[in-house]
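Protein chains in written order, with our numbering: chain E, 1 to 441; chain P, 1 to 512; chain B, 1 to 174.
No lab work stands behind these hints, which were simulated from the structure alone.
Note that the structure is a prediction, hence the values are computed from the model and not measured.
A hint or two may mislead.
[Unchecked claim] Distance condition first, Cα-Cα at most 35 Å in a straight line; then the derived DSBU-like pairs of lysine-lysine:
id, chain 1, residue 1, chain 2, residue 2
1, E, Lys210, P, Lys24
2, P, Lys84, E, Lys198
3, P, Lys349, B, Lys39
4, P, Lys204, E, Lys198
5, P, Lys57, E, Lys235
6, P, Lys57, E, Lys415
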Amino acid sequence: MGYPHPSHPRETPVISKYFGDAEARTLAGWQARGGYEVLREALATDPVEVQNVVKESGLRGRGGAGFPTGVKWSFMKPDGKTHYLCINADESEPGTFKDRELMRWTPHQLVEGTAVAAHAIYAETAYIYIRGEYTEPIARVREAVREAYAAGILGANAMGSGKRVDVHVHKGAGAYICGEETALMNSLEGRRGNPRIKPPFPAVAGLFAKPTTINNVETVCAAVHVLRNGADWYKSLSSPTNPKSTGTKLFSVCGNVARPGNYEVGMGFSMKEFLWDVCGGPPSGRTFKAIIPGGSSVPILTPEECEGAVMDYEGIQAAGSLLGSGGVICFDDTQDMVRQIARLARFYAHESCAQCTQCREGTAWTTKILERIRDGQGTMKDLDTLLEIADNMTGKTICVLSDSCATPVVSGLKKFRHEFEAKIPKNRSSVMVPSFATAAA
Amino acid sequence: MVTLTIEGRTVVVPPGTNLIEAAKTAGVLIPHYCYHPSLPVAGVCRMCLVEVEKFPKLTPACATTVGDGQVVHVHSDKARDARKGVLEFLLINHPLDCPICDQAGECELQDYTFAEGRKDSRYMEPKRFNPMEDFGGDVLYVPNRCILCTRCVRFMDVMAKDPVLNVSERGDRAYIGKFEGSDLTHAWAGNVVDLCPVGALLSKDFLNRARAWELDRAASVCPSCSQGCNVMLETRDNVVVRIRPRANVAVNQHFACDVGRMNYRWINRRDRLEYPVVRTEQGLSAASWSEAVQRAAAAISGAARVTMLASPSLSNETLFLLGRIASHVGASSVMTIERGHEAPLVGAKDLSLRAERAANHTGAELFGFTEFAAPLDALASGDVLIVADAAVTTVPPGVSVVVIGTLLDQALAAHVVAALPICNFAEEDGTFTNLRGRVQRFLQAKAAPAQTRPSYRVAGDLATALGAGSFPPLAADIFASIATTVPAFTGMTYRTLGLQGAPLPLLAETTA
Amino acid sequence: MSLHAIAPDEHDTHEPYLPVFVGARRTELDELLTRYPTKMAALLPALWMVQEDRGWVSSEGMDEVASVLELTPAYVKGVVTFYTMYHQHPVGKHFVQVCTTTPCNVCGAEDVVNAFLRETKCGELGVTSADGRFTVVEVECLGACGFATPVMVNDALVECVSVDSVQDLVAGLD
Chain E
1 MGYPHPSHPR
11 ETPVISKYFG
21 DAEARTLAGW
31 QARGGYEVLR
41 EALATDPVEV
51 QNVVKESGLR
61 GRGGAGFPTG
71 VKWSFMKPDG
81 KTHYLCINAD
91 ESEPGTFKDR
101 ELMRWTPHQL
111 VEGTAVAAHA
121 IYAETAYIYI
131 RGEYTEPIAR
141 VREAVREAYA
151 AGILGANAMG
161 SGKRVDVHVH
171 KGAGAYICGE
181 ETALMNSLEG
191 RRGNPRIKPP
201 FPAVAGLFAK
211 PTTINNVETV
221 CAAVHVLRNG
231 ADWYKSLSSP
241 TNPKSTGTKL
251 FSVCGNVARP
261 GNYEVGMGFS
271 MKEFLWDVCG
281 GPPSGRTFKA
291 IIPGGSSVPI
301 LTPEECEGAV
311 MDYEGIQAAG
321 SLLGSGGVIC
331 FDDTQDMVRQ
341 IARLARFYAH
351 ESCAQCTQCR
361 EGTAWTTKIL
371 ERIRDGQGTM
381 KDLDTLLEIA
391 DNMTGKTICV
401 LSDSCATPVV
411 SGLKKFRHEF
421 EAKIPKNRSS
431 VMVPSFATAA
441 A
Chain P
1 MVTLTIEGRT
11 VVVPPGTNLI
21 EAAKTAGVLI
31 PHYCYHPSLP
41 VAGVCRMCLV
51 EVEKFPKLTP
61 ACATTVGDGQ
71 VVHVHSDKAR
81 DARKGVLEFL
91 LINHPLDCPI
101 CDQAGECELQ
111 DYTFAEGRKD
121 SRYMEPKRFN
131 PMEDFGGDVL
141 YVPNRCILCT
151 RCVRFMDVMA
161 KDPVLNVSER
171 GDRAYIGKFE
181 GSDLTHAWAG
191 NVVDLCPVGA
201 LLSKDFLNRA
211 RAWELDRAAS
221 VCPSCSQGCN
231 VMLETRDNVV
241 VRIRPRANVA
251 VNQHFACDVG
261 RMNYRWINRR
271 DRLEYPVVRT
281 EQGLSAASWS
291 EAVQRAAAAI
301 SGAARVTMLA
311 SPSLSNETLF
321 LLGRIASHVG
331 ASSVMTIERG
341 HEAPLVGAKD
351 LSLRAERAAN
361 HTGAELFGFT
371 EFAAPLDALA
381 SGDVLIVADA
391 AVTTVPPGVS
401 VVVIGTLLDQ
411 ALAAHVVAAL
421 PICNFAEEDG
431 TFTNLRGRVQ
441 RFLQAKAAPA
451 QTRPSYRVAG
461 DLATALGAGS
471 FPPLAADIFA
481 SIATTVPAFT
491 GMTYRTLGLQ
501 GAPLPLLAET
511 TA
Chain B
1 MSLHAIAPDE
11 HDTHEPYLPV
21 FVGARRTELD
31 ELLTRYPTKM
41 AALLPALWMV
51 QEDRGWVSSE
61 GMDEVASVLE
71 LTPAYVKGVV
81 TFYTMYHQHP
91 VGKHFVQVCT
101 TTPCNVCGAE
111 DVVNAFLRET
121 KCGELGVTSA
131 DGRFTVVEVE
141 CLGACGFATP
151 VMVNDALVEC
161 VSVDSVQDLV
171 AGLD
């Protein structure tokens, strides 16, 4: 639902149905809403069958990568080895705040989804890695886990199935990069949150070097409903024109928009209707200038590009961006794009883990140049340098944080070049006086 | 075996080989920083990105294993541009310290930038600054020069198993850190200075002593213990200024311990026995070589009893000849072995600072020398003691001493009848046999001072003067003689030893 | 671009360190250790316990954690300095964290920061106020973008803080 706003009639609330409903947080409340029946049945079902239903449903990872969930689960074979499930609740992509709500309003939905996923991948132990800043979600999920253990839903004999399902909540400590699946595993192991080189892939050697699957919070919550109502039902929730993107997506809408909040709509929803109708359009008296549709790491779109776009994986890609995490950041006509892109670069510079040369140095360098331009000390040559740096930062690193920093720079310069140029003093020679040498500094 | 193409050359290597190693077999260097054959792969510097046809992105060669039919381009435009990008990123905060940096001349950042980097800088922002830090032991850390390759961290963690170094902070604020109170005092910590591709980790001992291009280098073997680590003696104007490890997978991989590294000053000492000396009515005075050798031989032949005390750090060649002398004159051949603490490099196989602080006690044993705790206690008046480069300060009264050595201890002077000055191991060729029976060559690194002569030459001349036969003057020929007369060394030659050594044949058989 | 609170005066002395992992906390740690196959995996939770009990993670704290988990202090320090939420110096009683990343930035987050700096009399980011009650820092995305500007005061999230609501918020903090 459009929490904190009332549900919009055009929403399709499935996983977000109980946002704002305090009762749904408790075990009793969740059970009253049909909770844990899916888990009971799943535990009595062969994991391969569970995988197949989810495969058939077309559910794709909702953290940002969009990898087909059932296929991911099917990489885990009954090989007798210890398997691990990690739930990625490190939600730190700017613009994204859906998992926060899922955890604080329906923690049992997450616990149930976690247990179902663990069973589907032959794992007895699941860790829910929640970012350290999420105090309330951590408390709610911990309480839900405690309730579930007390009721025998989790533990050595989950729901009397004879199978063990252990779920542990693990608190992060402030690092965006720990949302990268291999960095998450390193962090869980008590290390610096450095992404790992792949291969080996997590399904082969992941957490504690064992076969591991990492799933996003929203994904496993959706899986519960897929298993409750079936694959065909899930497919029916989305526009039939694109069978590759099915079900619903919980979009987090923020920035300069009339009604910021989380909205759940069927895949394939019209972006025009979404932004201007469902979310209320720009704030009163303003117009949209730019929209980032999938969290800060995806290309910036102009309002014109959004008008014709369709909100699913392929549709947003066709419009020139990516669905990503579904964090929709809105900029109105009063915003300074140079300032905001500089701020985004600064975010990435703060969050770089420092392993790869391009990212460690490139994010900081990009930020410094952008801030200098923002402050009126830029040159035209800087714009070329920025693009070359961005190219050197793309496709060359262990993880894509480096690429993610480059993206808003490239799309920003492409679509808002006039704003950058406007900040560059006209009567400046191409020889720069370093900013630290200017009197004002 | 896997067959692939690298830069147009066909390469055949075992499965599991990474592309950097595979390229080496074709004579192709893939530039890299963080990769090291003795350390776990990190894949962080991104310098080794290569283009493999059909791969969607450039791939790090250190972390990519060979595949049949791969076609690898190291010098394609894409790969070159990527390297140029990495170099630019590394240089934006790197201080222009070359004129004052010890690494200059042997710096991989210099080398690759000169080869492939930008000719100018377009970085206009203030550079990051962190102050220099003393890491303890022999190591200084200069964070501004650090490229965060993490070789040092991985070495201390995985090889030394003493993780006292970390990466601190993150992003461009990152630096190599440690914890207050825990320093780099590990016996093998000095290796991080060698591992550092740039001048971020420096040896305090070597600080500002010499420029890399002023150094002459000779392959040698460390004489400080019986491990026999392969080293390079680096000299400047005939003075040894640094010892660094030389790679030998069978002995010391790429490493040397700090005891061996620091133990080079004695090689340069000037208070040497520089010319032959004999006893006259006026006391000890200089003499010609022939006179000194004759006097020594006469003293030995005329003695009721002779004891030969040799240093277990003399070469195989020298000890062989001294052993011949001993058996010819019926002398007992003894040695004392100084011992100290052991300090293994835990992450390596069979690599340690050994308790026996002697380069060649194994060889000495093979040539008939026995260890005695107090070998001089049995001496009596009228005995002759031959001291071959061993440390002796007192002898019982009435004992005459013939010195074959580098020093003449004043405490001994009253007993000395003749002293023959020899070269130390850095001033001659020879071989040592390490504790595992590996025979390894060392090459001359500096000129012999004054009238000193190679130790095996002196021993040979003395043996001849004693009537024990005649011997060739060159170390290689003496070794050939050892190979035919001492069963343990059968079939070995300097050529087959090369610069990596070889195990004694019988031992090789039993361990095969 | 420091992410951590700025260190107080070099000569600032703090109370002697009391071990954390005794009694109930030791029991808690022991239970925690049963959840993971390695001791190292309990590192982040153990550091949280130290910070919860002592207010920050000192060198002595790192030393204690290293010793109970059989790690080196240098290793622990490398981990502590990676994560922004562990304080490496004491902070004010109310640690005010204002998100200023782009989605909040476009909603006036920087004005909120300035308002906090004024009202708390901190004057500067990362510096604890003279009375020791407040430290104000900018943080990256708090994952509450739809509730701009989100502000965390210690562990509590305050949603939708505007320039106008800062004064009352600060006044309400002892």
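Against the structure, the hints come out as follows:
Restraint check: the Cα-Cα separation between Lys210(E) and Lys24(P) comes to about 33 Å, which is no more than 35 Å; the hinted pair holds. As the CA atoms of Lys84(P) and Lys198(E) are separated by approximately 24 Å, the hinted pair is consistent with the 35 Å bound. Restraint check: the Cα-Cα separation between Lys349(P) and Lys39(B) comes to about 27 Å, which is no more than 35 Å; the hinted pair holds. Our distance criterion of 35 Å between C-alpha atoms is broken by Lys204(P) and Lys198(E), whose separation comes to about 39 Å.
Proximity of Lys57(P) to Lys235(E) is assessed by CA-CA distance (about 34 Å); at most 35 Å being required, the pair is judged to hold. For the proposed pair Lys57(P) and Lys415(E), the alpha carbon gap of about 27 Å is at most 35 Å, so the pair holds.
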